[in-house]
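S.K.: Protein chains in written order, with numbering that gives the first Met the number 0: chain A, 0 to 78; chain B, 0 to 327; chain C, 0 to 338.
Treat the hints with care, since some could be wrong.
[As the list claims (entries may be wrong)] Derived lysine to aspartate or glutamate pairs resembling DMTMM-like cross-links, with alpha carbons at most 25 Å apart:
1. K100(B) to E246(C)
2. K226(B) to E125(B)
3. K51(A) to E246(C)
4. K22(A) to E246(C)
In case anyone wonders, no lab produced these hints; they're calculated from the structure.
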Amino acid sequence: MCIAVPGEVIRIHDSTAEVRIRKVILEADCALMESISVGDNVLVHAGFIIEKITRGESDQMMDDLENYSNITSAWEDNS
Amino acid sequence: MEVCGSHTMAISRFGIRSLLPETIRLISGPGCPVCVTEITYIDYAIALSRQPATVVLSYGDLVRVPGSHSSLERERAGGADVRIVYSPMQALETARENPDKEVVFCGIGFETTTPGSAVLIKSAAEKNIGNLSILGAHKTMKPAMSALLESGTAIDGYICPGHVSVITGMGMYRELCNEYPIACTVTGFEAEEILVGILSLVRSIQNGGDPVQNAYPRVVREEGNPKARSLVAEVFEPSDAFWRGVGSIKGSGLAVRREYETFDAYERFGLEVEEGVEPKGCRCGEVLRGVCTPAECPLFGNRCVPGDPVGACMVSSEGSCAAWYNYS
Amino acid sequence: MKDFGKITLAHGAGGDMSGELIRSVFMQAFGDENVQGSSDSAILEPGRGKMAFTTDSYVVQPLFFPGGDIGKLAVAGTINDLSVSGAIPLYLSFSVIIEEGFSISDLSKIAESAGETARSAGVQIVTGDTKVVEKGSCDGLFINTSGVGFIEEGLAGISTASRVKPGDSILVNGTIGDHETALLCSRKDIPVSSQIISDCAPLNSLIRELIGSCPSIAFMRDATRGGIATVLCELNELCGRGIEIKEDAIPMKEEVSGISGIFGYDPLFMANEGKVIFVVPKEDTESALGLLRKHPMGKEAAVIGRITQDNPDRTILKTRAGGSHILHRLSGMQLPRIC
Numbered sequence: 000m001c002i003a004v005p006g007e008v009i010r011i012h013d014s015t016a017e018v019r020i021r022k023v024i025l026e027a028d029c030a031l032m033e034s035i036s037v038g039d040n041v042l043v044h045a046g047f048i049i050e051k052i053t054r055g056e057s058d059q060m061m062d063d064l065e066n067y068s069n070i071t072s073a074w075e076d077n078s
Numbered sequence: 000m001e002v003c004g005s006h007t008m009a010i011s012r013f014g015i016r017s018l019l020p021e022t023i024r025l026i027s028g029p030g031c032p033v034c035v036t037e038i039t040y041i042d043y044a045i046a047l048s049r050q051p052a053t054v055v056l057s058y059g060d061l062v063r064v065p066g067s068h069s070s071l072e073r074e075r076a077g078g079a080d081v082r083i084v085y086s087p088m089q090a091l092e093t094a095r096e097n098p099d100k101e102v103v104f105c106g107i108g109f110e111t112t113t114p115g116s117a118v119l120i121k122s123a124a125e126k127n128i129g130n131l132s133i134l135g136a137h138k139t140m141k142p143a144m145s146a147l148l149e150s151g152t153a154i155d156g157y158i159c160p161g162h163v164s165v166i167t168g169m170g171m172y173r174e175l176c177n178e179y180p181i182a183c184t185v186t187g188f189e190a191e192e193i194l195v196g197i198l199s200l201v202r203s204i205q206n207g208g209d210p211v212q213n214a215y216p217r218v219v220r221e222e223g224n225p226k227a228r229s230l231v232a233e234v235f236e237p238s239d240a241f242w243r244g245v246g247s248i249k250g251s252g253l254a255v256r257r258e259y260e261t262f263d264a265y266e267r268f269g270l271e272v273e274e275g276v277e278p279k280g281c282r283c284g285e286v287l288r289g290v291c292t293p294a295e296c297p298l299f300g301n302r303c304v305p306g307d308p309v310g311a312c313m314v315s316s317e318g319s320c321a322a323w324y325n326y327s
Numbered sequence: 000m001k002d003f004g005k006i007t008l009a010h011g012a013g014g015d016m017s018g019e020l021i022r023s024v025f026m027q028a029f030g031d032e033n034v035q036g037s038s039d040s041a042i043l044e045p046g047r048g049k050m051a052f053t054t055d056s057y058v059v060q061p062l063f064f065p066g067g068d069i070g071k072l073a074v075a076g077t078i079n080d081l082s083v084s085g086a087i088p089l090y091l092s093f094s095v096i097i098e099e100g101f102s103i104s105d106l107s108k109i110a111e112s113a114g115e116t117a118r119s120a121g122v123q124i125v126t127g128d129t130k131v132v133e134k135g136s137c138d139g140l141f142i143n144t145s146g147v148g149f150i151e152e153g154l155a156g157i158s159t160a161s162r163v164k165p166g167d168s169i170l171v172n173g174t175i176g177d178h179e180t181a182l183l184c185s186r187k188d189i190p191v192s193s194q195i196i197s198d199c200a201p202l203n204s205l206i207r208e209l210i211g212s213c214p215s216i217a218f219m220r221d222a223t224r225g226g227i228a229t230v231l232c233e234l235n236e237l238c239g240r241g242i243e244i245k246e247d248a249i250p251m252k253e254e255v256s257g258i259s260g261i262f263g264y265d266p267l268f269m270a271n272e273g274k275v276i277f278v279v280p281k282e283d284t285e286s287a288l289g290l291l292r293k294h295p296m297g298k299e300a301a302v303i304g305r306i307t308q309d310n311p312d313r314t315i316l317k318t319r320a321g322g323s324h325i326l327h328r329l330s331g332m333q334l335p336r337i338c
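For reference, chain A alone in the conformation it holds in the complex:
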């Protein structure tokens, strides 16, 4: 029930961070995070950074299915 956008932290002030979200800079609050560093990829919701995004973590399910035709043929196998 929550739209949240990914972005990159480019600058940190005391309790806020400038997050670059596709060429827009959003000032977000860091109070929900233990620590934030410049360069972190983060998720922002309602003006707060709510989590760091981990790149490189294997997303097995996404790897399994390369495109929609694979997905739809998988339905047929399962149904």
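Model the placement of chains B and C on the given structure of chain A, informed by the hints.
M.R.: Here is chains B and C on its own, set in the frame of chain A:
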């Protein structure tokens, strides 16, 4: 069933239903925090906006929702100081900039949004801001998900809200799957992510194995965000809550703790507001429980349209009926 | 009188101070020879063909935004309304309602901007009016512009979409949502910023060139508030033909995508001030696209869809995901959402 307004919206917007085989039926649950906010809450917010020297701040979602007789948007047109905010912390600035006014923030939302409200209250307390309060209607997902299963709604699997799960972690779905014969997959919001989430559910249901899956591991950790949860626990405590169209669900709400009661708008203002009046003929309750589709409601598309909504599910752009209308 | 002071009620009273304001700010900016300031009406030579006449009021906030200001917006907007009707815009009126206390320096900047925009488009501002209201009675400055132009033979039906037929191509002259995004990023009360500028611009020369080389053009409308989606829904209603749009063919800047992600806005409904939806016959698609792209106002032009034989009562969007949904008109404004 998906229980997240953003999923409802995304599924409709991306035309996901048209990509699935007929053996899979997607039903929408009560995942839109605006839609499930009771009418009496809106009426209370409206009553506050009519108080002298009072500023009411709200997320955009809420201002158009009709209460029993009016809406915050209409009150603004009538001269009330109602402002839309993107972040709760804007309420802190507004309070500082208007020391001679009472500033009330309409705190709605599920687990993703509640931590922001907690930070607002804590900051206001730390900085001794004396003119700020929150009108809280925060809710939690698990009691609602249980209640739906208890009520007998036929659900094989839950498409679990990706961003709520960022905060809560996976634990609550494990509990749910222990108590009920159901599968749960935490799912993202892009079209590919939703399709992967649905496939994972289908596989869990058909093939057995672990009924709890995380199809959004880039952001959802097993333990969630403990800091956010502890901030919420510091400011709020569980309470019963009334879900519009569904009824009262035990322990599904969050009330401001006594230590922070000066920031609780209900305590601070103590206004008397009559019980809200639900519109006649509306089947929102059944839509929210997934018992009927929007199209099966007799008011859908004729008496009840986004520009002139009757019920909760149509008023919010993320409501099941609005999503169905706009994107089907 | 560049004393950079403030507007007072006396400036609107019709006496010496009014006259001085008009001369030093407006006639100076619009060109003395154009503005027939001392007479009640501008007396003009008629043009050839049917007359097109339009009017618009501008209340935008903030008054100054990246890429323009309310003056440029007012002139460009009315020029564009005339141009998409098939007319050659010739004359504009420029009337202002100014709040007491408004900065004269800001007023001059806005007038200069309006004058410059008109000159660059080859259009004359020939008359106007100035009123001053008490503090609090308006939001700084409101502008009304009216404009006249003349439509050549064969183009009179262009805004009624009567020539639109199945198979025709739908084009847009560039990226969508720039104007609304620029405005949002320049507001002090919202914690976002970016480098994007408004696309606010007069498009008469672009449209003129297109009509010149593609006289079979079937429809044109500028997409302002309500975005391209609103124009497409209007087109569907007007021509009674189905419309199919491909989401990933729609040009869009990253900044617009960023803002739409942050606030939950749909870019198809976000405001533009320099974008036109064109409908041209299928066989003219390539040449129309080529011509648009050669023009400075059309560098990122694209074919975004077509008029269809099927589903005549709907505008369908084919999404990136491969699904499709119906585009409906927006009811009310888009508001930033959490959900």
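S.K.: Could you run down the list of hints and mark each one as holding or not?
M.R.: Each hint, compared with the structure:
1. K100(B) to E246(C): Roughly 46 Å between the alpha carbons, so the hint for K100(B) and E246(C) is violated.
2. K226(B) to E125(B): holds, 18 Å
3. K51(A) to E246(C): violated, 30 Å
4. K22(A) to E246(C): Holds - the C-alpha atoms of E246(C) and K22(A) are around 21 Å apart, at most 25 Å.
Checked against the numbered hints given earlier, the structure breaks hints 1, 3 and satisfies all the rest.
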